[in-house]
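Student: Sequences listed follow chains A and B, in order. When the letters of the first sequence are read in order and numbered with our numbering, they come out as residues 1425 to 1646. When the letters of the second sequence are read in order and numbered with our numbering, they come out as residues 47 to 356.
Fair warning: there could be bad hints in the mix.
Pulled a few chain B residues facing chain A out of the computed Cβ check, cut under 7 Å [unchecked claim]:
# : residue
1 : S157
2 : I175
3 : P286
Ranges of calculated distance between the beta carbons of each label pair, as one might list FRET restraints [what the hints assert, rightly or not]:
#  : chain 1 : residue 1 : chain 2 : residue 2 : range
4  : A       : E1435     : B       : D200      : 51 to 57 Å
5  : A       : M1439     : B       : K75       : 50 to 56 Å
6  : A       : S1526     : B       : A169      : 29 to 35 Å
7  : A       : D1511     : B       : F280      : 51 to 57 Å
8  : A       : E1527     : B       : A137      : 32 to 38 Å
9  : A       : H1565     : B       : D200      : 52 to 58 Å
10 : B       : A137      : A       : C1562     : 35 to 41 Å
11 : A       : F1543     : B       : K190      : 23 to 29 Å
12 : B       : A140      : A       : H1565     : 30 to 36 Å
13 : B       : F280      : A       : R1444     : 54 to 60 Å
14 : A       : R1623     : B       : A140      : 19 to 25 Å
Calculated from the structure, these hints are not laboratory results. Where a beta carbon is used, it is the ideal one built from N, C-alpha and C, also for glycine.
For reference, the chains in residue letters:
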Amino acid sequence: MIVADRKSLEEIQEMIKPHRKLLIVGCKGCVTVCNVGGSKEVEILASALTIARKKENNEIEIDTTTIERQCDNEYVSQLKETVGNYDAVLSMACGVGPQFLSEYYREQKFYPAVNTTFFGGAVSHGIWEERCAGCGTCIIHDFDGICPIARCAKSLLHGPCGGSSNGLCEISKETICIWDAIVAKKIEQGRLEDLLKVRPAKDWRTARDGGPRRSIREELTR
Amino acid sequence: MSELKSGSNLEKVLKAGHFAFTGECGPPKGANVEHLVGKFKHLKGNVDAVNMTDNQTAVVRMSSLAASHIMIHEGLEPNFQMVCRDRNRLAITADILGAHALGIRNMLCLSGDHQSFGNHPQAKNVHDIDSMQLINLVTTMRDKEEFINGEKIDVAPKLFVGAACNPFADPFEYRVYRLANKIAAGADFIQTQCIYNMEKFRTFMKQVVDMGLHEKCYILAGVTPMKNARMANFMSKFVPGMDVPDSLIDRLKGAEKGKQAEEGIKFALEQIEEFKEMEGIAGVHLMAIEWEHMVPEIAERAGVLPRPVV
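Model the full structure from these sequences, guided by the hints.
Tutor: Next comes the structure, spelled out in structure tokens:
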């Protein structure tokens, strides 16, 4: 899923400073699963902002709603009766949400309430980790299901580099060296020779480097 | 290793079977050419080639390409270092062509320390290709006279290609295979990370020799003399992939007041003596970091002077 972190209350307050009537829109997709932008978090943010503005003697009126998915116009369109009633709209979806909303409702002003961080999953309760860099050409099977592009700080394809120490990456004691894990798995399986070939330079055209990407499934466009 | 690949002094020294002795020099943190040239006088005549570092530890400095060119002008031979952190394949290729055009004949291929270590931690890193692919790229340019996209090069750059090797990083059992991989990618010579744990290095070199890697590539052992126990302690605790045994720290601490630097140099000299005899070692790479003025004395006491003229 797409993982995000909520922006600080101070940053959000600063963004919405000029506005007195606000709609906060949550999303039932990824951001609900990673506990950052679902209906519960929408209500928490609404209360926090209301209290903060009250303290400043600058009260704000906030309504809330959470739609199925902000990355789908079928659901985005459900806001058409209400969206015009507000000074601005704060989206708690990933970066896709406020863009879809802005494209659909050109007259309205939308703000992002979260910072979209990565494609990943929950490794334990309350902890999410990156797993995919969306490079457009998946080769994780070559590394026993581990992606060095997303998970090595240098995206090395022939790691581990000289900074790997006790299973940790040189950048931080909180970051595991994913190449240490890849090598350990290969040794365990007796297939270390898999790592001994020199791979050609990667073709990054399928990644973001090739420009904004588009997926077309012909059978669905007919 | 029959005909010369670049004709660099380093290549000729190694090919002639001499025990090579290379030095290192960091470009200035500014455009201070005078300071840079000042460092050269300690190295000139005392080493076969000098590594010119490339934004080492991710701290921005004068470009290694420009500094290497200045070095040639001053009559020394550079080993132009290049990291994959700061350039994509276009910039890398262009700099290799430029390096050859400027008279550079040795190049060391590195991934590069992560930018979080340096003075621009906010920077976006590149890593379009990694060090292994960089070795492959530059040797393809030299040997096939082609860019990695297969297009022909009009006057191919001929460089003697080096790579780094850290036997002390983890996982240890994989390190010799990584070295084999770099040699398979095309590395002509290897310069190792600074060695302090001699026992571990002997084990590593035994693996290297057992696999016959020393016959396919020249291996230069990395030596950095410790200036004092504090430096040893710092390297042991805070530099990832550095293995400094407690026995060395204790030895430095045990030296008489004001004699820790001398003790550090003595240890380095003992190492060099052992490397001269060690099977598979073709030379020493002396990294006297911000201690270039000690190079003449170390070279003299190590008995590696005069440097061979080939």
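Student: Determine for every hint whether it applies to the structure shown.
Tutor: Each hint, compared with the structure:
no.: 1; hint: S157; in the structure: 5 Å, holds
no.: 2; hint: I175; in the structure: 5 Å, holds
no.: 3; hint: P286; in the structure: 4 Å, holds
no.: 4; hint: A:E1435 to B:D200: 51 to 57 Å; in the structure: 54 Å, holds
no.: 5; hint: A:M1439 to B:K75: 50 to 56 Å; in the structure: 39 Å, violated
no.: 6; hint: A:S1526 to B:A169: 29 to 35 Å; in the structure: 30 Å, holds
no.: 7; hint: A:D1511 to B:F280: 51 to 57 Å; in the structure: 56 Å, holds
no.: 8; hint: A:E1527 to B:A137: 32 to 38 Å; in the structure: 36 Å, holds
no.: 9; hint: A:H1565 to B:D200: 52 to 58 Å; in the structure: 40 Å, violated
no.: 10; hint: B:A137 to A:C1562: 35 to 41 Å; in the structure: 27 Å, violated
no.: 11; hint: A:F1543 to B:K190: 23 to 29 Å; in the structure: 38 Å, violated
no.: 12; hint: B:A140 to A:H1565: 30 to 36 Å; in the structure: 35 Å, holds
no.: 13; hint: B:F280 to A:R1444: 54 to 60 Å; in the structure: 56 Å, holds
no.: 14; hint: A:R1623 to B:A140: 19 to 25 Å; in the structure: 23 Å, holds
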